[in-house]
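Engineer: For the record, the sequence lines run as chains A and B.
Residues 0 to 292 in numbering that gives the first Met the number 0 are what the first sequence spells out, letter by letter.
Residues 0 to 341 in numbering that gives the first Met the number 0 are what the second sequence spells out, letter by letter.
In case anyone wonders, no lab produced these hints; they're calculated from the structure.
Note that the structure is predicted; figures quoted are calculated from it, not measured.
One or more of the hints may lead you astray.
[Claimed, not checked] DSSO-like cross-link-like pairs, simulated, lysine-lysine; straight-line CA separation at most 27 Å:
1. A:Lys-9 to B:Lys-150
2. A:Lys-9 to B:Lys-147
3. B:Lys-305 to B:Lys-64
4. B:Lys-305 to B:Lys-147
5. A:Lys-41 to A:Lys-70
6. A:Lys-116 to A:Lys-177
[To be verified] To list a few chain B residues with every Cβ distance to chain A over 12 Å, as calculated:
7. His-2
8. Lys-52
9. Thr-53
10. Lys-64
11. Ile-209
[As the list claims (entries may be wrong)] Each pair of labels, with its calculated beta carbon distance range:
12. A:Arg-199 to B:Arg-335: 30 to 38 Å
13. A:Asn-148 to B:Arg-73: 20 to 28 Å
14. A:Leu-13 to B:Ala-238: 26 to 34 Å
15. A:Thr-97 to B:Ile-210: 32 to 40 Å
For every residue, glycine included, the Cβ atom is placed at its ideal position computed from N, Cα and C.
If you want the building blocks of each chain, they are given just below.
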Amino acid sequence: MESKINRYSKQLILINSFFILTWLIVSVFPFIWTFWGSFKVKADFFSRADWMFAVTGVNTLIETGDTSTVKAYVESWTEGEFWKATMNTIIITVSVVTISLFLGTLGAYALSRSTYKYTFWILIAALIFRAMPHITLVSGYLFPFFQLNVWGILPTTIIVLVAINQPFTLWLLYSFFKTVPKELDESALIDGCTYFQAFRFVIMPVMWPGVVTAGLFSMMLAYNDFTVTSLLLNQQNYTMVPKINAYLGTIEHSGNYMWAVSSVVSATAPLFMIIMFFQRQLISGLTAGAVKG
Amino acid sequence: MPHRTFFWFFFPSGLAMLLFIGLPIISSFFQSLHIEPEQILMEVEKCDPFGCKTETKVDIEATTKLQEEQPLGRFNGLGTYGDRNHLAFDEIKEAWTNSSSIAEFTDILLNLPFYKALLFTLTFCFAVTPPVVVLGFIVALSVNTITKSLKGPTIFGVILPMIVTPLIGSLVLFWMIDAKGILGSFIQFLFDDPNLSLKSSSQLTWITLIIYGIWHNTPFAFVVFYAALQTVPQDPIEAAIIDGASRYERVRHIVIPHLYPVATFIILICLMDNFRVLEPIIGFAAEGVAQSLSWMIYNDLRSENKMLFGSAGATSMLTIIGVAILLTPVLIRTWREFRTER
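The following block holds chain A by itself, in its conformation from the complex:
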């Protein structure tokens, strides 16, 4: 595309810029709006009178004496116990990422280096497992977990999320290890290393780019999960996403809407920052997935 012949005409650049700007607004504006609105009171964010109130904060001024307030944040973090949900999310996310990378690298390395036919069937099985809707798995968990008395606690959820995450991690790391030249560890084997030593001293130093990408996806799955966490954890152990859903309230008792709005901002902000940092790895991972099914 660098060649001079291929220059873009002025109209094309104009139309293109306009289109991209519109699309950016469509994808980003809802988040900016929610961020701004989270500093207002409910009467403003869901204003019956005029939607402009959400921008100017008329009712916020009347209720709190200022045009913006952090009341919803303070209340949801203290009274709403969002700090507890945040702690749980951190525990779950860190454990899931660590364990699933540990299991995934070992398994994917073996898959990429074995020449037997059964690796193919294992990968196919992993693909089928990846397609299973999580809720169907949860319906299978609940009854045995109740019987074994392990329902509602964090370790159970961590193991379940690790397992659900394995198929994708395996495929991603499998296609990554395929790009690592075989000669590297083969020469180590000839020098008298065992497979484990070859993995530990030859492969581990070069595998970090792939591991970062796989870790990023594990993190997003654990951090964003709703289906598993909302049904497998009890109320006290809720992570952020089911907690936000709980703030919305049920038919029986009305929730606190502004708590939910501010918590949405609290929950998405760290995620956005991490993604901003690791954007390149995220995209390379999605591409690897595209090339290798």
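Use these hints to put chain B onto chain A, whose structure you have.
Structural biologist: Here is chain B on its own, set in the frame of chain A:
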């Protein structure tokens, strides 16, 4: 790699998948064959000064005892699959004999819970996927042409809807679309109808959910197309330029054919992921008018005092069959790829 070494390397990962993905599917199937125990009734004779009456009452003691003996309930075979909340064979038969026209029959059929959910799930899948592919392609082409220094931030902005979890994404949109929110008021202004609300009719709610689905899924299509665009060979494009092909012709005859395999991949992943749609329904509070298969399972398991394991298991099995049908093309594709690789 020898079998033994392979086994030890793969064992932890394989065990985790077997125990927590393989077994639950079997466990779901087992549950679907059972049904919650009936409550044991007993007749009690109650006497007061005005005479004696016999009353039927739930024998709580015996019921709890039975529940402890058979926690899964009693064996019901494939009965749950055929009941009113699932495939509803009897209801369909009845509707077929009683209804006078095909329209009436379809009407009855689509009001049965399972078919209603199936209809929404499929509509959602097939309404969301085509726009996602087209929009993703256009955005990818468009981002590909902008200046290098602006690419990073633009890509970040474009992929945001994909990063957030569907529940949060749908809530964020829902708050704007709410009749009291900014988009809701704007739509009311546009159609000059102060009572118009996207929640008011089921069609409008479905459309809202589908728009949300497009918003959430387009970034994925964009990223994959964008990556694939980097691999388009430059030589044929330059040859086409020399031959005087316009930009449109170049895209139509060189770029698009190159991206066909990627497009099929996106379509299949999109169909599979949208088949499990659940969170948007909760986020948009649309349970009343739009139920999906996943939502049916969620609803069976959600109630704290009485979880309907049998019913949830049966719906799960039917959902898995649906996924299997959608998955077949992917499997065939992977199979072919592997064959050519070897």
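Engineer: Look at each hint and say if it fits the structure.
Structural biologist: Tested hints:
1. A:Lys-9 to B:Lys-150: holds (19 Å)
2. A:Lys-9 to B:Lys-147: holds (18 Å)
3. B:Lys-305 to B:Lys-64: Measuring from Cα to Cα gives roughly 16 Å; hence the hint holds.
4. B:Lys-305 to B:Lys-147: Measuring from Cα to Cα gives roughly 58 Å; hence the hint is violated.
5. A:Lys-41 to A:Lys-70: This hinted pair holds, its Cα atoms lying about 11 Å apart.
6. A:Lys-116 to A:Lys-177: holds (16 Å)
7. His-2: violated (7 Å)
8. Lys-52: Since the minimum Cβ distance to chain A is about 36 Å, Lys-52 of chain B lies beyond 12 Å and the statement holds.
9. Thr-53: holds (36 Å)
10. Lys-64: holds (17 Å)
11. Ile-209: Fine: 15 Å to the nearest Cβ keeps Ile-209 of chain B off the interface.
12. A:Arg-199 to B:Arg-335: 30 to 38 Å: holds (36 Å)
13. A:Asn-148 to B:Arg-73: 20 to 28 Å: holds (23 Å)
14. A:Leu-13 to B:Ala-238: 26 to 34 Å: holds (28 Å)
15. A:Thr-97 to B:Ile-210: 32 to 40 Å: With a Cβ separation near 38 Å, Thr-97 of chain A and Ile-210 of chain B satisfy 32 to 40 Å, so the hint holds.
Consistency with the previously given hints fails for numbers 4 and 7, ordered from lowest to highest.
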